[in-house]
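Trainee: When you get a sec, could you build the whole thing from the sequences and use the hints?
Those letters in the sequence shown? Residues 13 to 256, per this note's numbering, in order.
Careful, some of the hints might be misleading.
What the hints assert, rightly or not - Have a look at the derived ranges for each label pair, beta carbon to beta carbon:
#1 E79 with S180: 49 to 57 Å
#2 A253 with I90: 24 to 32 Å
#3 V29 with D171: 39 to 47 Å
#4 P193 with G241: 26 to 34 Å
#5 T184 with Q39: 46 to 54 Å
#6 K209 with Y46: 34 to 42 Å
#7 N94 with D16: 23 to 31 Å
#8 G164 with E79: 39 to 47 Å
Bear in mind the hints are in silico, worked out from the structure with no lab data behind them.
Each residue gets a CB set at the ideal place from its N, CA and C atoms; glycine is no exception.
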Amino acid sequence: GGDDVTAIRAVIGSPTVMAAHVQTVAQLVSSHGYDGIEIDYEHLWAATDRAGYTAFVTALATALHAEGKEVSLAVPAIAVDNGQNGYDYAALVTAGADVVHLMGYDFHGTTTDHLGPLAPLGWVDTVMARVQQLGVGSHYLLGIGNYGVGSGWYANSSDAIGLCGGASAYATTTDHMETCPYGVYTAGISPHCTTSKGDLWFEDANSSAEKAKAAAARGMRGVAYYDLGGESPGLLAALQAVYP
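Mentor: Dropping the structure here:
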C-alpha cells in the first residue's frame with residue numbers, strides 16, 4: 013500500500029531517490045522469490061504527479077522485467093481524465109506495467125458525506141469504456157469491493173449479509189443515483205439495508221457478477237476483488253462463470 017503521499021512524491025520527484033527506491037523494491041522481490049509485486053501508490057491528485065509516477069513505473073518495470081518478474085499497479089477508477097492526477101492509463105501500460113487493477117469501489121465510502129452504492133454500475137462501466145477506447149483492456153482488471161460501508165464503519169460482505177438478516181432480507185435496487193451529487197449513473201444491483209448500526213451498502217455475488225459481465229463486455233483482462241476473506245456466498249462461482 014501507499015497512502016503517505018508526501019513520501020510517494022519524494023520518490024517520484026527525485027531521480028536519485030527514485031533509483032534507490034526501485035532498487036529496494038527489486039531486491040525485496042528477489043530476496044523473497046516473488047513472481048512480481050503490486051504497487052498501490054494513492055492520492056496522486058495533481059498534474060505534477062503524472063510524469064514522475066510514469067517514470068517510476070518505467071524504471072521499476074525495467075528492473076523487474078530484467079529479472080523475469082512482473083509489476084502490477086492498483087490505480088483509482090477515474091471516469092473522466094482531466095489530467096489533474098498521476099494516473100495516465102495508457103502511459104502506464106507503455107511504461108511496462110503488466111497488469112493494472114482499477115479500484116472500482118468507494119464511489120460512496122465510510123468518509124463520504126452520504127452513503128450510497130459502493131460502485132454504481134454506470135460509473136465502473138464509464139471507467140472501463142475509457143480503458144477500452146485507449147486500447148489497453150488486455151492489461152486491465154476491474155477490482156470489485158468485497159465489503160460493505162456504513163457511516164464510519166466497514167463490514168466484509170458475508171458479515172454485511174448477516175447484519176441485514178440474511179440473503180433474502182435486503183434491498184438490491186435504489187433510486188439514489190438518479191440525483192446523487194457525486195454524479196448521475198445507472199446504479200445496477202446495489203445491495204443495502206438498515207442495520208442496528210445504521211445504513212449499510214455492500215456488494216454480493218449478484219452485484220459482483222453484474223460488474224464482471226460489464227468488464228468482459230469492455231474487453232477487460234479479468235476481475236479481482238478486495239479484500240480476501242468474508243466473501244459473500246457464491247462469489248467465486250459467480251466470477252468464474254464470467255471469467256473461467
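Trainee: Could you run down the list of hints and mark each one as holding or not?
Mentor: Tested hints:
1. At about 51 Å, the CB distance of E79 to S180 agrees with the hint of 49 to 57 Å.
2. Distance hint check for A253 and I90: the Cβ-Cβ separation is about 28 Å, which falls inside the suggested range of 24 to 32 Å.
3. The hinted window of 39 to 47 Å between V29 and D171 holds, with their beta carbons roughly 41 Å apart.
4. Evaluation of the 26 to 34 Å hint for P193 and G241 yields a pass: the beta carbon distance comes to about 33 Å.
5. Range check, T184 to Q39: Cβ separation about 48 Å, and the 46 to 54 Å hint holds.
6. For the hinted restraint 34 to 42 Å between K209 and Y46, the CB-CB distance of approximately 39 Å keeps it satisfied.
7. For the pair N94 and D16, the supplied restraint of 23 to 31 Å holds, since their beta-carbon distance comes to about 24 Å.
8. The given range of 39 to 47 Å is respected by G164 and E79, whose C-beta atoms sit roughly 43 Å from each other.
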